[in-house]
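Starting from the given sequences, assemble the full structure and let the hints guide the process.
If you read the sequences in order, they're chains A and P.
Heads up: the first sequence is residues 1 to 238, going by my numbering.
Heads up: the second sequence is residues 1 to 510, going by my numbering.
I should point out that these hints are in silico values taken from the structure, not numbers from a laboratory.
Even glycine gets a Cβ: it sits at the ideal position worked out from N, Cα and C.
One thing to keep in mind: the hints can contain errors.
What the hints assert, rightly or not - In silico contact screen, one side only, chain P against chain A (beta carbon under 8 Å); selected entries:
#1 2
#2 10
#3 12
#4 15
#5 162
#6 165
#7 166
Said to hold, decoys possible - DEER-style ranges, computed between Cβ atoms:
#8 498/P - 10/A: 25 to 33 Å
#9 130/A - 24/P: 35 to 43 Å
#10 510/P - 124/A: 46 to 54 Å
#11 197/P - 135/A: 34 to 42 Å
#12 123/A - 245/P: 39 to 47 Å
#13 178/A - 165/P: 35 to 43 Å
#14 215/P - 123/A: 15 to 23 Å
#15 133/A - 21/P: 20 to 28 Å
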Amino acid sequence: MIEIKELTKRYEDGVLALDHVSYTIQPGEIFCLLGANGAGKTTTVNILLDFIQPTEGQASINGHDCTKFPLEAKKYVSYVSENVQLYGMFTARQNLRFFAELGGKKKLTNQILDDAMRSVGLPEKALTMRLKHFSKGMRQKLGIAIALIKDPPAIIMDEPTSGLDPKSAKEFLDQLDKLREQGKAILMTTHDIFRAKMIADRVGIMKQGRLVAMRERANFKHADLEEIYMQEMQADSA
Amino acid sequence: MLRVLIRKEITETILDLRFMATALLCVVLIPLGMLVNLQDYEQRLAATQQEHQMYRQRYSVPVAPAWGKEEAQGFRPPSVMSLFASGLDPFLPDRVFTSPTGLFRTERHPRLDSAQTLLFGQMDFAFNVTFILSLAALIVSFSAVCGEKERGTLRLMIAHTVPRGKIILAKVVGKYVLVVVPFLVSMLIALLILEMSPNVSIGSHDVWPAFLVILGVTLLFILCMVSLGLCISTFTARAMSSMIWLFFIWVVLVLGIPKVSPIIAEILYPVESENAFSFAKRMAAEDIREEFNQRSKDIEKKYSDQMDKEWNPKFIQIAKKYRNPSSSEYSEEDYLAANKKLNDEWNKANRERYDKLHAVMLPLAEELKRHTAQSLGRLEQDHRNRRKKQVALGLNLSRLSPVSSYAFILAELAGTGVTEMDNLSQNAQRFQEQVKDIYYDQAYNQFNSGQYRPKAYNPFDPPTLPDMTYTRVSLAPVVQTVWPDILLLILFSGACLTLAIAGFNRYDVR
Chain A
1 MIEIKELTKR
11 YEDGVLALDH
21 VSYTIQPGEI
31 FCLLGANGAG
41 KTTTVNILLD
51 FIQPTEGQAS
61 INGHDCTKFP
71 LEAKKYVSYV
81 SENVQLYGMF
91 TARQNLRFFA
101 ELGGKKKLTN
111 QILDDAMRSV
121 GLPEKALTMR
131 LKHFSKGMRQ
141 KLGIAIALIK
151 DPPAIIMDEP
161 TSGLDPKSAK
171 EFLDQLDKLR
181 EQGKAILMTT
191 HDIFRAKMIA
201 DRVGIMKQGR
211 LVAMRERANF
221 KHADLEEIYM
231 QEMQADSA
Chain P
1 MLRVLIRKEI
11 TETILDLRFM
21 ATALLCVVLI
31 PLGMLVNLQD
41 YEQRLAATQQ
51 EHQMYRQRYS
61 VPVAPAWGKE
71 EAQGFRPPSV
81 MSLFASGLDP
91 FLPDRVFTSP
101 TGLFRTERHP
111 RLDSAQTLLF
121 GQMDFAFNVT
131 FILSLAALIV
141 SFSAVCGEKE
151 RGTLRLMIAH
161 TVPRGKIILA
171 KVVGKYVLVV
181 VPFLVSMLIA
191 LLILEMSPNV
201 SIGSHDVWPA
211 FLVILGVTLL
221 FILCMVSLGL
231 CISTFTARAM
241 SSMIWLFFIW
251 VVLVLGIPKV
261 SPIIAEILYP
271 VESENAFSFA
281 KRMAAEDIRE
291 EFNQRSKDIE
301 KKYSDQMDKE
311 WNPKFIQIAK
321 KYRNPSSSEY
331 SEEDYLAANK
341 KLNDEWNKAN
351 RERYDKLHAV
361 MLPLAEELKR
371 HTAQSLGRLE
381 QDHRNRRKKQ
391 VALGLNLSRL
401 SPVSSYAFIL
411 AELAGTGVTE
421 MDNLSQNAQR
431 FQEQVKDIYY
441 DQAYNQFNSG
451 QYRPKAYNPF
461 DPPTLPDMTY
471 TRVSLAPVVQ
481 TVWPDILLLI
491 LFSGACLTLA
501 IAGFNRYDVR
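Shown next, in the form of structure tokens:
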């Protein structure tokens, strides 16, 4: 569903953010991309969503090249950012309706919108509340609702659990489980090794733009993922 | 998709404090400006009517012509459209003075009652649009793209299946609608204020077509400003940067270019000042007169010498004949008789000489008049042409700013623009010719010297001085005149929109 081939990105200032990275994410798979700040995780996301152009290589979603046919590719993907920012003067329902309509979901009833927000754990009083009164966690939940209401086959999440309290994070992981069951291909970048271990089918470890390790769930299920991660970091440094 | 984006833009902007502030400004300032201008217009109209009435009472039927005492006067009434743009109106003459010489002069009474207006500037519709509405359009649009990037919402929007061109289009339409709606509401209130005045009829044929064109051009001008705001917004990463750039550009467009371009034109194409030109004209006239004086003196001297040459020997001869004691015909009585006879003959000959001289001098005076008129006319024409070129250069330079183009269009449509100066001259010339036929040709004689003197005319059938019928330039030629400026506004907004779309296609949304 999400395919990355020899993806390379060198910025104008010469920094090599991605260095020939390749991987594929299948439907019903959760792929967690781990790595320190500046490892190239967000750059990958930016290329997939056509925010920036790659220097080399190819990224595609559902077979559509993200650079050549970005609008076509984006039809099949939703996005949850690290810090979901929405229109502060709009209510949660107005925000959800707007982005749902952008995603092609027209004429949704308030009931459908409210159900979508309830499903991600937003409290009842928040549904008609203006976003400027939302906490970061609530915004994040609404961001997830926005991503889910589009019902795409692939979801890209950039540090989605950042800023979520443990209870919300747990609810979020439950939500991800359901999405996996529905056959969604999920790319999640994160620093959170603990939650990656809990949910990921595969993890990729990135350092300085390179994918330095890839582990299947079977390889880290009973091992210490943090140790693997640290080993990879140190090995590379050595 | 576009409808969704436009709806979002409108909803978002309506909820923004900036919109409320600018809408309030529009709704308060435009009708207020119209009210102030209406009062000013009514005062000017009343003053013109009063002056005209007093003039009719005193001069409509001249009792007897007297040099310099009676000049048929015409009055230029204020244009009702000047309510929208005072333009050159405060400086255009409001009176035309005709004269028997065929030359007219114009004058403007200084209006000290409007001293406050002069000190603080006229708050007319044109001012409100060029200063307030343009600023409002920029305030509403300056953060359209970069503000959304800063807030982080742009990233999520671009992550959806939305073509970037549509986002820009929606932003233009959304912001534009939100500047236009308060403007139209304020115009509606302003029109109601105008309609309440007994002196203004919006429905009249000389008002509503021009008003509709003004409305259309103003909508185009607002589009220019919204597009400019959006354009800069797509080339900046932060709302603050966009605001600073736009403020700088606004100052350049609204205050800089229109005011600096005449100075640049003066430097590039210098023309002597009016005072210097008047002095040069006076000098030229004096030179011509001097030359003709010399020629007339020479002719007079020639005739005088001829007389002396012919008659002096005759007088000497009779003096020698009758007053010389050694002469055989010596006799004082005979001398006096001969001298008287000779004097009579001399007087007769002198009259004939005077008639001959007059016959020669008359064409000379005519030539002087013609030559002076031609030379001064040439000078005047040359000066006027050079001044026109300088003004045209200044105007063309100022057209770099859409604000200037808009101001020109508005002033022309309001009958207070540059064209009105020519129109005033044409009206005055027509009036002068009309008065000459009806009055001056009957009441004055033109003397050989070129001067005019009053003559008696039939007191039982005195001529009636006509009123000046002031004709305004009709809308079609005005639109033809302002068409290039309208095109410039279209080009400006088109260029800004194209740049905005191009800029946004390359915009880094991260």
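Cross-check of the supplied hints:
no.	hint	result
1	2	violated, 11 Å
2	10	violated, 12 Å
3	12	holds, 6 Å
4	15	holds, 4 Å
5	162	holds, 6 Å
6	165	violated, 11 Å
7	166	violated, 10 Å
8	498/P - 10/A: 25 to 33 Å	holds, 31 Å
9	130/A - 24/P: 35 to 43 Å	violated, 22 Å
10	510/P - 124/A: 46 to 54 Å	violated, 35 Å
11	197/P - 135/A: 34 to 42 Å	violated, 58 Å
12	123/A - 245/P: 39 to 47 Å	holds, 43 Å
13	178/A - 165/P: 35 to 43 Å	holds, 37 Å
14	215/P - 123/A: 15 to 23 Å	violated, 50 Å
15	133/A - 21/P: 20 to 28 Å	holds, 23 Å
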